[in-house]
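Engineer: Chain residues, written in single-letter form:
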Amino acid sequence: MEKFITLTSTIVPLPIENVDTDQIIPARFLKATSKEGFGDNLFRDWRYDKNNTPIASFVLNTPTYKGEILVAGKNFGSGSSREHAAWAIAGYGFRVVVSSFFADIFKNNAMNNFVLPVVVSEPFLAEIFESVNSDANITLTVNLAEQTITNNSTGKFESFVINPYKKDCFINGLDDIDYLLSKKDQIEQYEKAR
Amino acid sequence: MKTLFDKIWDAHVVSTVDEGPTQLYIDRMYCHEVTSPQAFDGMRNRGLKVFRPEQITCMPDHNIPTLNQESPIADPVSKIQVDTLTKNALEFGLTHYQMGNEKNGIIHVVGPEIGLSLPGMTLVCGDSHTSTHGALGAVAFGIGTSEVEMVLATQCVFQSRPKTMRINIHGKLNPGVTSKDLALYVIAKVTTGGATGYFVEYAGEAIEGLSMEQRLTVCNLSIEMGARGGLVAPDEITIAYLKGKEYSPKGVEWDQAVAKWKALKTDAGAVFDKEVTFNAADIEPMVTYGTNPGMGMGITDSIPTLESIDEASRISFVKSLDYMGYKPGEKIMGKAIDYVFLGSCTNGRIEDFRIFADYVKGKKKADNIVVWLVPGSWAVDKQIKAEGIDKVLIEAGFQLRQPGCSACLAMNDDKVPAGKYAVSTSNRNFEGRQGPGARTILAGPLVAAAAAVTGRITDPRV
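Sequences listed follow chains Z and E, in order. Residues 1 to 194 (the working numbering) make up the first sequence, in order. Residues 1 to 462 (the working numbering) make up the second sequence, in order.
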C-alpha cells in the first residue's frame, strides 16, 4: 500500500450535509464481487441523469474543481456499512476526505482503505468552502506526521486527531489483519480463559 | 458500577493496542452476499482458513427476488453474487441457508428467530442494521468488508470503544402508536447524526413494555441516528422469547444461561456519557418528509419552515424537500402516494403483519397503488399462513410476496419508479434508496396499512 505522510492538493468541494453512503455509491452498484471499478459510479445519481448523461452542475463534472482531497459538509458517510463507499472514493482518486463530522462505520472503512478522514472544526470547514468559492485553485496541505491541515490560501491551520496505531498503519502501509494474525495465540488463550 | 454495554464489551476485550483501538472478540458473525465476497477473496489471497467456522452463519438476502424463488435468479449479476456466497460458504466450511431454505430470510430477522443471537454476545455483520440484535441484550454492530475479513481470519475486530448513551422513554405508548413510531420520534429528536460515536441503551417503562419484536424494531433503527448500536437489558420477555428456539441453550445449559442473563443489566448509579429522556405520551404516529431518517414528524404536524432551520443546513434542507416534491411549512397528511412497502429487517416480522392485517381486515386496497407485502423470513411466512393472515390480506385485495430485503434497498426487482411516492416500513428514506428517483416516506406498519387502504398519507387512529 502507498505510504501516506503529507499531501498538498487542490480540492473538490461538496458543501452538502449528511451525505449518506447510498449517495456515495447506490445499492444497485453493489453487486460486484471485486473491489475494482466503483470509482466510475461514485455519486452516480448526482453525477449522471437517468440517460447516463453527466449532470453539468455537479461538482465532479465541472472542470473547475479537481484534486485528491474531497471536502464535504458535516456527517459525511452516514447510513449503510458498505465498504464499497470507501472503494468508490479511493477508486475515483481521493486520498483524503475533510469534513466537520464523519459517520463511524464509514470512518473505519475509509481508514482500512488508506483514505484519510480528517475532522476539522465547523468554522475551519466553512472557511475552506469560502476560500474555494473565491478561488477554485486553492490547495490544502494535510501533514499526517504533524497531524495538521492547512488552508494554503489563508495560511490558517488546525490539528486533527488520529490514534497513533492507525497513524502508524498509514505511514507504513500496514493493515489490521496482519497485526491480528500475529496475535492468534493470545486469541486462543482468551477463548480458553472465558 | 458499570453500564450493560461496558459489561459486555469488557468481557470481550482480548487486548488493547497502546493508545489505539480495542481488539474485540466476536461471538457470532452473520454474512450476506453483498458485503462478503471481497473478504473471502482476501482470505484466499492470504491463504487463510476461517478461524472459527462454527461461529459464522451465512445467508443471501439483499438480492433475493420476492417472486418465483423456485426458479434461478433472472438478473445475472445478482445471481453471480448469490452463487458466490454459496461457493464461499462451501469452500470455507460455513453454515449457509440458501435461497428457498426454510431458514432463509433477512439475516436480522432470522438470527433472533432461531436463537442464534443471544444476550451478552458480541455480534457483527457487514451490514449497519446489525444493531437489530441488540434487542436481545447483545453488543451488535455493523462492520465493513475489511472487518468481515478480520473476523473470518481471527474472530476479532479492531474497534475504538464507543461512548455510552442511555435513552429513557417514560410512560406508556398511546393506542395506535407502534415501536416504529417510537424509534422515528427518537431519531427526529436526536437527529440523523446525533448519536454518532455512542452505543445506546434503551430503557424506561415504554421500552420494558415492548415485546421482543418491537424491541428488535427499535434497536434496528439505532444506526439511523448514527449510533454504533443499541441494546435493551434482557428480562423475562427476552427469556420467554428465547426459550425453545433451535439454537438457544438447552437443559442445564439453559438454566445456567438464564442465571447469567439475569445479571446483564446496568448497575444502579452507573454513569453514561450522555443521557436523554422522552415521554411516550408525546409520541403520535410518525412519518418522514425528507431524505434522512431524522427528518420525521408526527403525522398531524407540518414540515419545518425554512426560517426554523439553521442557516448552515438550509442548502441540504431545500435540496431534500425539492427531491421529495414537498414545501417547507406544509402538512403531508392527505397527500397521495403510489406504493406501500411492508417488510424489511425493521418491520418484516409476524407482529408487523398482524398489525397490518388487523387494520385492513374488511377494507379494500386502494386502486391505482402498488402494495408489496414481504415477510422477513420463511418462518414469518409460515406463521402468516398458520394464522390465516394471508386470507385476510387476499380478501382485502393484497398479495403476499416471498421473503427478502426487497424494496428496502431495491437490489432485486422491487424498485419504486422515479418520482413516485412510497410509504415504507423500512429504515432509510435516502435519495434513490428504493430505486433511482424514488421518494420514500418512512412509517410504521399501521400508517402503512392506512395508506394502503386510502392511497393517501392517513392517520390510522381516525
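These aren't lab readings, by the way, just hints derived from the structure by calculation. Keep in mind the model is a prediction, meaning the values are calculated, not measured. Please note: incorrect hints may appear among the correct ones.
Unchecked claim - Calculated lysine to aspartate or glutamate pairs in the EDC-like style (CA-CA distance at most 20 Å, straight line):
1) Z/Lys35 / E/Asp41
2) E/Lys415 / Z/Glu36
3) Z/Lys184 / E/Asp322
4) E/Lys327 / E/Glu351
5) E/Lys319 / Z/Asp175
6) Z/Lys167 / E/Glu213
7) E/Lys420 / Z/Glu36
8) Z/Lys167 / E/Glu19
9) E/Lys163 / E/Asp18
10) E/Lys415 / Z/Asp185
11) E/Lys382 / E/Glu236
12) Z/Lys184 / E/Glu246
13) Z/Lys50 / E/Glu246
14) E/Lys245 / E/Asp322
15) E/Lys79 / Z/Asp45
16) E/Lys49 / Z/Glu36
Engineer: Give a verdict on every hint.
Structural biologist: Taking the hints in turn, this is what the structure says about them:
{"no.": "1", "hint": "Z/Lys35 / E/Asp41", "result": "holds, 10 Å"}
{"no.": "2", "hint": "E/Lys415 / Z/Glu36", "result": "violated, 26 Å"}
{"no.": "3", "hint": "Z/Lys184 / E/Asp322", "result": "violated, 53 Å"}
{"no.": "4", "hint": "E/Lys327 / E/Glu351", "result": "violated, 35 Å"}
{"no.": "5", "hint": "E/Lys319 / Z/Asp175", "result": "violated, 39 Å"}
{"no.": "6", "hint": "Z/Lys167 / E/Glu213", "result": "violated, 42 Å"}
{"no.": "7", "hint": "E/Lys420 / Z/Glu36", "result": "violated, 33 Å"}
{"no.": "8", "hint": "Z/Lys167 / E/Glu19", "result": "holds, 11 Å"}
{"no.": "9", "hint": "E/Lys163 / E/Asp18", "result": "holds, 19 Å"}
{"no.": "10", "hint": "E/Lys415 / Z/Asp185", "result": "violated, 48 Å"}
{"no.": "11", "hint": "E/Lys382 / E/Glu236", "result": "violated, 26 Å"}
{"no.": "12", "hint": "Z/Lys184 / E/Glu246", "result": "violated, 31 Å"}
{"no.": "13", "hint": "Z/Lys50 / E/Glu246", "result": "violated, 47 Å"}
{"no.": "14", "hint": "E/Lys245 / E/Asp322", "result": "violated, 48 Å"}
{"no.": "15", "hint": "E/Lys79 / Z/Asp45", "result": "violated, 24 Å"}
{"no.": "16", "hint": "E/Lys49 / Z/Glu36", "result": "violated, 24 Å"}
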